[in-house]
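Peer 1: Sequence:
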Amino acid sequence: MTVHDLKIGQKAIIKVINSDEKIKKRLLALGCVEGTEIQVKKVAPLSDPIVVSFRGFDMAIRKHTAKKIQVKTLI
Numbered sequence: 000m001t002v003h004d005l006k007i008g009q010k011a012i013i014k015v016i017n018s019d020e021k022i023k024k025r026l027l028a029l030g031c032v033e034g035t036e037i038q039v040k041k042v043a044p045l046s047d048p049i050v051v052s053f054r055g056f057d058m059a060i061r062k063h064t065a066k067k068i069q070v071k072t073l074i
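Each residue of the sequence shown is one higher than the one before, counting from 0 in numbering that gives the first Met the number 0.
Quick caveat, the hints were computed from the structure, so don't treat them as lab data.
The beta-carbon is built from N, C-alpha and C at its ideal position, and this holds for glycine as well.
Treat the hints loosely; a few may be bogus.
[Unchecked claim] DMTMM-like cross-link-like pairs, simulated, lysine to aspartate or glutamate; straight-line CA separation at most 25 Å: (1) 62 - 36; (2) 14 - 57; (3) 67 - 47; (4) 23 - 36.
[Unchecked claim] Using C-beta positions, here's what the derived DEER-type ranges look like: (5) 74 - 20: 25 to 35 Å; (6) 50 - 0: 15 to 25 Å; (7) 7 - 54: 28 to 38 Å; (8) 47 - 17: 30 to 40 Å; (9) 21 - 74: 29 to 39 Å; (10) 72 - 41: 14 to 24 Å; (11) 50 - 28: 10 to 20 Å; (12) 71 - 27: 14 to 24 Å; (13) 32 - 61: 32 to 42 Å; (14) 50 - 27: 16 to 26 Å; (15) 71 - 30: 10 to 20 Å.
Build out the structure end to end from the sequences listed, making use of the hints.
Peer 2: Spelled out as structure tokens, the structure:
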């Protein structure tokens, strides 16, 4: 499952980021690392961008990036 598959309000734990090095480094610098809890806050029309919350702040990510962040959902 990826961040793109999550519904609004759903929480998950990041398992792995399968992106190119530039995007991966940017996400890591912002604290978006394996084991971090993430929650989908808003989804724009056509699912691009997706606003997610992690480590106390919100960030908009593109649909193609969200599809590369593998997560495990929390119940």
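Peer 1: Starting from the range 15 to 25 Å, see whether the pair residue 50 and residue 0 falls in it by beta-carbon distance.
Peer 2: Cβ of residue 50 to Cβ of residue 0: about 18 Å, so the range 15 to 25 Å holds.
Peer 1: Holds or violated: the 28 to 38 Å window for the beta-carbon distance between residue 7 and residue 54?
Peer 2: Given about 19 Å between the Cβ atoms, the range is violated.
Peer 1: Holds or violated: residue 62 and residue 36, Cα atoms, limit 25 Å.
Peer 2: Between residue 62 and residue 36 the Cα gap is close to 19 Å, so the pair holds against 25 Å.
Peer 1: Is 25 to 35 Å respected by the C-beta to C-beta distance linking residue 74 and residue 20?
Peer 2: holds, 33 Å
Peer 1: Just to be sure I understand the hint, the distance between the Cβ atoms of residue 50 and residue 28 should be within 10 to 20 Å; is that true here?
Peer 2: holds, 19 Å
Peer 1: Confirm or reject the claim that residue 50 and residue 27 have a C-beta distance inside 16 to 26 Å.
Peer 2: The hinted range 16 to 26 Å holds for residue 50 and residue 27, with Cβ atoms some 19 Å apart.
Peer 1: Do the beta carbons of residue 71 and residue 27 sit within 14 to 24 Å of each other?
Peer 2: Given about 19 Å between the Cβ atoms, the range holds.
Peer 1: If you draw a straight line from the CA of residue 23 to the CA of residue 36, is it 25 Å or shorter?
Peer 2: holds, 17 Å
Peer 1: Going straight from one Cα to the other, do residue 67 and residue 47 come out at no more than 25 Å?
Peer 2: This hinted pair holds, its Cα atoms lying about 14 Å apart.
Peer 1: Given a hint of 30 to 40 Å, does the C-beta separation of residue 47 and residue 17 actually sit inside it?
Peer 2: violated, 18 Å
Peer 1: Is the Cα-Cα distance between residue 14 and residue 57 25 Å or less?
Peer 2: Distance ~19 Å between residue 14 and residue 57 Cα, so the pair holds.
Peer 1: Given the hint of 32 to 42 Å, is the C-beta distance from residue 32 to residue 61 inside that range or not?
Peer 2: The hinted range 32 to 42 Å is violated for residue 32 and residue 61, with Cβ atoms some 19 Å apart.
Of the numbered hints stated above, those contradicted by the structure are hints 7, 8 and 13, listed in ascending order.
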